[in-house]
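Protein chains: 2
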Amino acid sequence: MTKFISVNDRQYKIPDRPTVIVCIDGCEQEYINLAVQAGVAPFFKSLLERGTVLTGYSVIPSFTNPNNLSIVTGAPPSVHGICGNFFFDAETQAEVLMNDAKFLRAPTILAEVAKVGKKVAVVTAKDKLSALLGHNLSGICFSAEKADQVSLEKNGIADVLVKVGKPVPSVYSAELSEFIFAAGIMLLENERPDLMYLSTTDYVQHKNAPGTQAANEFYAILDRYLSALDRMGAVIGITADHGMNAKTDSLGRNNILFLQDILDKAPEMQGCRVVLPITDPYVAHHGALGSFATVYASNPTATKEFIATLPGIDLVLDRQDAARRFELPEDRIGDLVVLSDRLFVIGTSVSRHDLSGLTVPLRSHGGLSEQAVPLLFNRKLASVPNRKLRNFDVFDLALNGVG
Amino acid sequence: MTKFISVNDRQYKIPDRPTVIVCIDGCEQEYINLAVQAGVAPFFKSLLERGTVLTGYSVIPSFTNPNNLSIVTGAPPSVHGICGNFFFDAETQAEVLMNDAKFLRAPTILAEVAKVGKKVAVVTAKDKLSALLGHNLSGICFSAEKADQVSLEKNGIADVLVKVGKPVPSVYSAELSEFIFAAGIMLLENERPDLMYLSTTDYVQHKNAPGTQAANEFYAILDRYLSALDRMGAVIGITADHGMNAKTDSLGRNNILFLQDILDKAPEMQGCRVVLPITDPYVAHHGALGSFATVYASNPTATKEFIATLPGIDLVLDRQDAARRFELPEDRIGDLVVLSDRLFVIGTSVSRHDLSGLTVPLRSHGGLSEQAVPLLFNRKLASVPNRKLRNFDVFDLALNGVG
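These protein sequence lines are chains A and B, in that order. Read in our numbering, the first sequence has 282 at position 282, and its numbers run on one by one without any break. Read in our numbering, the second sequence has 293 at position 293, and its numbers run on one by one without any break.
Only chain A is shown next, with the shape it has when bound in the complex (with noise of 0.2 Å):
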């Protein structure tokens, strides 16, 4: 008899053969497009004729955390809580980090199929995530970036540096991404998990444009990965946190509107502050600079309309129209959210932003441009919903849509 469980008001059937959800950092579309193009990605392509090609649409803001979260949990950030990798909190005053599970509001699907008894596993590249993704799992649970201090007790495993006969690579690095795809190929063989959940990271992505060598031979690599994950009888079903674009002009140079500095300079704008989300501990390749601000201000309707002027700018709202329209938890975000084009990016100050990573010209996430991301499966879909489908369907269209 077939059993579901209820996770964040959906339900879940409980896997009854191995399944390995993959996100791919900043997987752009044309990144695959280009790569099966190019003749490298044989696997992606196949998908074509036995597997199940969506797009689904990503949670703003398009960064990683709140879409991983999103993914894990089946549910906006209105629901689960993290909506950036920061919020300002009034009351101290202070900008607060959200990489503690404490500021998780819902459960994960992961947490709930291993209360069932069945075995999970988890693999991120960055640390980061995986407290949160692995927040009140009984399973298995480590980052690339770590995995030479993973313990039985903390991790659900050890020794995984010799399992995956890998030394543990740089964070910024393709290997960081390949080493979460061959830890998962060790433990579909070695440990036989239900369900897998593999999130990479978007070095790559950052630094180099679809369809470029690198960016191809990247794509090869997961290509091949994913193929072996396949041939292990893995229902297999892929997705993105967000997609990456270009920003900067024809001669790469990065198109930036430093927004607290426009502000201070305006004297009726005084006493706003400007909240970058993206910011976190590993900024070489992006800068902290994304398309994505929120601002808490004094005059929030006078800001917004002042904001909203400014070339490179997309959209505006306040608080109550952005928490509704891109279910967000309005407690964690500014009195606006404001949003950039496709080619420009939101800093702060000048002087608070490390530009010295950015060896290359700007690639970088966060608006409504990075939103469009794959969705694809190692299966038909018995039934694919008539409705917009998002990135946080994935388990649902893993779990529940294969026959």
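Because the hints were derived from the structure by calculation, they are not lab data. One thing to keep in mind: the hints can contain errors.
No copy labels: a pair is met if it fits in one copy or bridges any two.
What the hints assert, rightly or not - The calculated lysine to aspartate or glutamate pairs, modelled on DMTMM-like cross-linking and capped at a C-alpha distance of 25 Å, are:
#1 Lys154 <-> Asp335
#2 Lys304 <-> Asp321
#3 Lys304 <-> Asp314
#4 Lys388 <-> Glu268
#5 Lys128 <-> Glu153
#6 Lys388 <-> Asp261
#7 Lys388 <-> Asp314
#8 Lys118 <-> Asp264
#9 Lys13 <-> Asp194
#10 Lys388 <-> Asp264
#11 Lys115 <-> Asp194
#12 Lys388 <-> Glu305
#13 Lys154 <-> Asp100
#14 Lys128 <-> Asp159
Given chain A, work out where chain B should sit, using these hints.
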């Protein structure tokens, strides 16, 4: 003494040295950025130091003819009248091709500069455009497509093939654009025009993404020709008619909204007519599919609401709003103007599009996502206006801005 002429209410300095304006059809800014990064575009790269690098915004619809006409008139379509390749004539109930110069409502800068005794030359890729660009022009004007059919009487020059030293290229080829530059070099050497306009075709860009080998090879060729024009002492201004984006999903399947079919199937939407102003006699590279349509409807308000809810739609405006926002001639657009999202195009009916020429996943243009284009000069500009620049400011900046 510096002399000026007035064209469409703007003042232009009469050129006292050869000035060449180049429109690179479909030049999404990433093509140049990634060619420079690949090290194959040293002339473009040099503009950062010795020239001026700006971004301009195209006319909407981001199609070839409206933008080429805006560039050579220095004015929006509301002034020059050309807002696409087709409009629907309500009186005759027929779609009317706007390739004839009789539809042009404004003089060109080219013709006016020629009238004061300066030598002017125009070379286009496709013949369809040369009649419009050469309207009332006493000078040289021909297309690469019909370079074998030129005459002194009709085109102001004879024996072009012999003078250029190349055969007539295929209308669907990179060579069509290369021929234009080779002709430009020949003209600058032999005829020394005071003002020259070179306008290429976007065949390469429709078929190849930025940064791919074929794209980089094409831009390397452009770079060499532009460098040669530069060494010959010309003042050069470079822009584009529109950008270019993928219009597909992650497996390269075209995202087409067949709007006429959708409207025909809705009982309450009977009698609507969808017109695609991108349609022209040359459709093999895009299948007449772009991100812009106009709709003639018996009930515009209800139709607007219906279309706005369709997936892939970016914006629906009624005639007055569209004419105001995009500076379009009200009598040549439908009751509604419809723009699709970055990754979508609008078709009419499945049966009316021949997609057999789409040998690779669709890339196209027409919407807001293809509005940002390069605006480059091989000289430092004395001053740049502090406003959102348009691609049709290129003559102004090249003629007036170079000290």
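Hints, one by one, checked against the model:
Taking identical chains as interchangeable, the C-alpha atoms of Lys154 and Asp335 are never at most 25 Å apart, the minima being 39 Å within one chain and 64 Å between chains. In the homo-oligomer, the alpha carbons of Lys304 and Asp321 lie at most 25 Å apart both inside one protomer (12 Å) and across protomers (23 Å), since each shortest distance falls under that limit. Taking the shortest Cα distances, Lys304 and Asp314 sit within 25 Å of each other both inside one copy (12 Å) and across copies (22 Å). Taking the closest pair of Cα atoms, Lys388 and Glu268 come within 25 Å of each other only across two copies (23 Å); inside a single copy the shortest separation is 41 Å, beyond that limit.
In the homo-oligomer, the alpha carbons of Lys128 and Glu153 lie at most 25 Å apart inside one protomer (19 Å), although the nearest pairing across protomers, at 73 Å, exceeds that limit. Taking CA atoms no more than 25 Å apart as the test, Lys388 paired with Asp261 passes between copies only; the shortest distance there is 20 Å, against 38 Å inside one copy. With identical chains, the CA atoms of Lys388 and Asp314 are at most 25 Å apart both within one copy (22 Å) and between copies (14 Å). When the C-alpha separation of Lys118 and Asp264 is checked against a cutoff of 25 Å, the pair qualifies neither within a copy, at 54 Å, nor between copies, at 51 Å.
For the identical chains of this complex, Lys13 and Asp194 are intra-copy neighbours only, at 12 Å inside a copy versus 74 Å across copies, given an alpha-carbon limit of 25 Å. In this homomeric assembly, Lys388 and Asp264 come within 25 Å of each other (Cα to Cα) only across copies, at 22 Å, whereas the closest approach inside a single copy is 40 Å. For a Cα distance limit of 25 Å, the shortest separation of Lys115 from Asp194 inside one copy, 12 Å, qualifies, whereas the shortest one across copies, 79 Å, does not. For the homomeric pair Lys388 and Glu305, the shortest alpha-carbon distance between copies (18 Å) is at most 25 Å, but the shortest distance inside one copy (31 Å) is not.
With identical chains, the CA atoms of Lys154 and Asp100 are at most 25 Å apart within one copy only, with a shortest distance of 16 Å there and 75 Å across copies. With identical chains, the CA atoms of Lys128 and Asp159 are at most 25 Å apart within one copy only, with a shortest distance of 21 Å there and 69 Å across copies.
In summary, the structure is inconsistent with hints 1 and 8 from the numbered list given earlier, while agreeing with the others.
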